[in-house]
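If you follow the hints, you should be able to join the two separate chains into one complex; please do so.
Each chain, letter by letter, is given below.
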Amino acid sequence: MTSTVTRPAAPAATPATETLSLARAINRALRDAMAEDPSVLVLGEDVGALGGVFRVTDGLTAEFGEDRCVDTPLAEAGIMGFAVGLATNGMRPVVEMQFDAFAYPAFEQVVSHVAKMRNRTRGRVGLPVVVRVPYAGGIGGVEHHSDSSESYYAHTPGLHVVAPSNPADAYALLREAIASPDPVIFLEPKKLYWSTGEVAPGAVDGPGIGTAVVRRAGTDATLVAYGPSVPVALEAAEVAARDGRSLQVVDLRSLVPYDDATVCAAVESTGRAVVVAEASGFAGFAAEVAARVGERCFHSLAAPVRRVTGLDVPYPPPKLEHLHLPSVDRVLDAVDDLQWEDA
Amino acid sequence: MLLGPDGRPTTAGTGTLPPREDLLRGYASMVAARRYNEQASALVRQGRLAVYPSSFGQEACQVAAAQVLADGDWLFPTYRDTAAVVARGVDPVEALVLLKGDWHSGYDPYERYVAPLATPLATQLPHAVGVAHAARLRGESTVVLALCGDGATSEGDFHEALNFAAVFRAPVVFLVQNNRYAISVPLSRQTAAPSLAHKGVGYGVPGEQVDGNDLAALLTVLGDAAARARAGEGPQLVEAHTYRMQAHTNADDATRYRSDEEVAAWVGRDPLVRLETYLRAEGVLDDERAAALAAEAEEVARHTREGINRDVEPDPEDLFRHVYSRLTPQLEEQLALVRDELARDEAGRDAHETATTRQEALR
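Respectively, the protein sequence lines represent chains A and B.
Per the working numbering: the first sequence ends with 343, consecutive numbering throughout.
Per the working numbering: the second sequence ends with 706, consecutive numbering throughout.
Label-pair distances were calculated between CB atoms; the ranges are: (1) B:His541 to A:Asp67: 30 to 40 Å; (2) A:Pro157 to B:Asp445: 17 to 27 Å; (3) A:Pro157 to B:Asp567: 40 to 50 Å; (4) B:Glu364 to A:Pro157: 46 to 56 Å.
Here are some chain A residues pointing at chain B (derived, C-beta under 8 Å): (5) Pro73; (6) Ala75; (7) Ala77; (8) Gly78; (9) Gly81; (10) Asn119; (11) Arg120; (12) Thr121; (13) Arg124; (14) Val125; (15) Pro157; (16) Gly158; (17) Asp182; (18) Tyr258; (19) Asp260.
No lab work stands behind these hints: they were computed from the structure.
Heads up, the beta-carbon is just placed ideally off N, CA and C, and yes, glycines get one too.
The following block holds chain B by itself, in its conformation from the complex (with noise of 0.2 Å):
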């Protein structure tokens, strides 16, 4: 912890905070994560997207994550991920597909280099090591930051993907965001071990654990991990400690496994809280640049709700377009049968629509 929940340095931190302009910049990416945030909650409300797995309260994971990489240097998020999907230069209205239910994934994955959000858990770990890999084979200096939760952390994926970073010294960096529930089985149904970050012993890669809701540590620790991995000494597994202030979804019932109590502790500890009290005490953020950037934010959220409200006719094709780089015979065939269903149901349509204004016009 470089920065205590009051927003003074802790004796860790005087002397060794990452420069100011970092953290104003960080400021402003979280200001931003936490009203998108807030604004995607409101469209599930709405029935504009089916599901939004918020990461309201672990904004300072989510912005270091994208921060610390290099442009050509991959993210790979979860489906909890968005706001660092953002964050990296997604655009907020295709970082929301998936779960809007247009398709199940909106971005191009090499734009960005931000591969699709994983909902599986723990599945896109190996191949962030697989990518970082051939970046490394080609002689690249990519740097891959791959994100899950605590309870990924229990799925053979992530050991098999600490185990093959550490034996082909893959530059990943592993960020658990350890917010302190799977759904609704807390952290010590997930693990014995001292922390998450032990679990990179017995593969041999180094583990961290960080404030998860102090950007200035997060900066710190993700950044040399990545200076580390981009240098060649291998993978590193960083433990933030972070704490998911909402339900798992809005279908979930967070009220059921956990206390008001509980959650209350954890809001003296917001990320964003933190680092304005810091900022503003050090005199690089007032009243008019704080203004500046909740205007920023909320052209974020204006954006995101104009496009998440606007209503894309899904074409019935693409079901059969991508499945292979060419169709198959048979999808031909099932091609074929739905544009034939899809004729009848139109020529069905005109054919009420005639009877009916005929109806209309003898009356």
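Next comes chain A alone, as it looks inside the complex (with noise of 0.2 Å):
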């Protein structure tokens, strides 16, 4: 089992760009990877004539048959431990997952097989799986449909976890996703399926997994964000532009591996930072940002870094979530106790 190839080759021409929401960027990657590899496999809960409960495999099993868009039993752990197995001979499984909450029956399979395969294995087993999972809030879900689940992925050693916050990433880190041999959480921020940006379907040339981008430049302060919070720090660096404050953003798109280069030397630009995540912040990935920031960057600092994160509290009910994620105002507040001199 050799793995050198990680990331699909780039076509001859340059692509044309298309307007895409973000659950359509999915589908044509998905779409696009199966026509070009016949190993790749979709397989979930209502993946199949329904397109899944998001409408993100719509039309797979239409044009690819059951066999490579296949509706499972029920059951998480069952169709996690089958992928083990279907990748273990020769297949590259893309498991969809239903619901971030809903994955966790699937916990032990994830930690102790797809994460150890190729660690316990020394090499010989890699197992290329891809585990998309809609995750987090803001959709006004009932209970135990908005959950932010990154940190207990990102605290495993042996996986890859992605999180975009644009169509055209959502596509790009799709496809290198499912052409890597390792294996791939990939959080797709539900409460964005539905925002349009341009895709350029086929391109695979631009910053790949593992790599941080700076998506906005700014020179007072950086925010550090992925996924869902990153529309939330782009529209609170706008609203300070407003107010005279420059801000950076620094959007992560992987957050293992973790790009400590391009975030240090965001933070290092300005001085100040702030983490912003949705998923409550003990023990959180906000808090191993934080963390990284602070042992790297400690003598580039002009304050302690913040985060603002979703509540320590169980994720509320629809009526009460806008007071649980964060807000653009929370992040404003975060931003203002940097200790700026002028204050």
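Have a look at this one:
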């Protein structure tokens, strides 16, 4: 099992762009990957005739048949274990977990097998499995439909964890994830499924998994965000600009591998940082970002790194979720707290 | 049951026994498996293996599971199935690497199509179904035989695996070695079902019970199940009634939960004695042949002993090498840290040795 090629080959001609929603961009990535490689299989609950509860797999069974886009029994551990076997025997399964909190029955398979197989077999059995998880809140979902579960996965060595914030990244990162010899947890911010953007289908030569990007340049402070929190950070930067404060926004895109270099360079350039993430803050991924910035950029910091995260409460019912989610105001308040000399 | 505990064919067995050469081949493997079990347990007592969950008394199941498979078929073993792994052709030393502690798994799973020994219970069963389904999608005639114990049938993954196998008509034979105990907990606390084979009913998977100490019956039942799976007739569940003659592992004390009388009753049903009696009565086994088989088994034991007694210095860099297909920047940093620590340890040792030598020279 050699594993050198991690990204699909870029097409010869420069592809044209299309305006797609994030959900359609993922659908397009699945379709292109399936057309290119017959070993790519999509499997999950309701992914067939229905096209998934978010319609992300719409049309795939019709186009590729039910052996390629597979409705499975309703059993997440079984689906994940089945995918381990498929990947062991030459397939590249792309698993859909219907919702973040419904992925928990599969957790043992993910942690004990998907994440560890390459290591325990000394590289002989690699598992090219992608686990797509519609995640996080902000859609008025009832209980168990809005969890931010990234820290559980990011804490597990052996998994890559990716969270796109826009349709172009969703397409490119998913294509790369499917081509990767390593397992990838692909977190899809469900509140952004219907947001649109320019996508270049076939283009996979942008910044890859493991690379953060600066979404907005700024000189006064750096906001570090990922997935559904990136639009919040960008909006906060827009509002701050009107008040004469220049905020830089870094989109992590990939939690594991983590791009220390880009984050540190960005924070060092401004000397102040706020990490924005929807998940509960205590022992969460935002804490890891803050700790790493503290360890590596201490001498460039004018103020302690602040976190703006979800509250440390079980995900609230729809009518209270606005108090839980990081808001533009809460981000700006945190920025105001960064020990400004003129304050 | 085809051969009774006394080694005579039962009514069912008369005229339907597997060919003698298959039985003799199986017997040879069982003699080797028994010797291997004894050798591995001895290596635990000598401190060379961390632990060994022995299949002593279950050798007929171990051997039959391997023997009914064709080249290219897959075996999914648990931690108690090293004897089956060896019977499948994996090097006996490599099969024990997990229990020796050099690494989590020794052998290359693709070499003999044997999955790594599964330590969590039943989690390997859906993997077996996935491997079988992938083969079927490609039009290959692969059969997968997945092992588990009676305790594992209480785990959700056992049920999900049976269900997936049935829904996708995956060519899997599930062999449950019902050895009566999950560490200390008896079968009565695992299930109120009439048998473990009954558990297939709810999934549309045919279930069959077999005497797990009767190699002839096992070869017949498992061989038929494998043939049906290969022919596209879907999965089958086989419950083999056997007994764990020894404690769960060396760390267990079986006297706390079962009586000597109960164990003694099973001594009389030993799978090796039964088959030996039959083969001798049939004239295909004599003292000379038996001595030759014992010598072959001894050779396996010697190879195992020597291999396990050979110290392998683990490479610290292996900690990082296979976490991903390539190192992340974070792992690069941690590798550098460990390298630096090791280099300083080395330098410290050299300095200490130099100082000691100098002191000795001065004396």
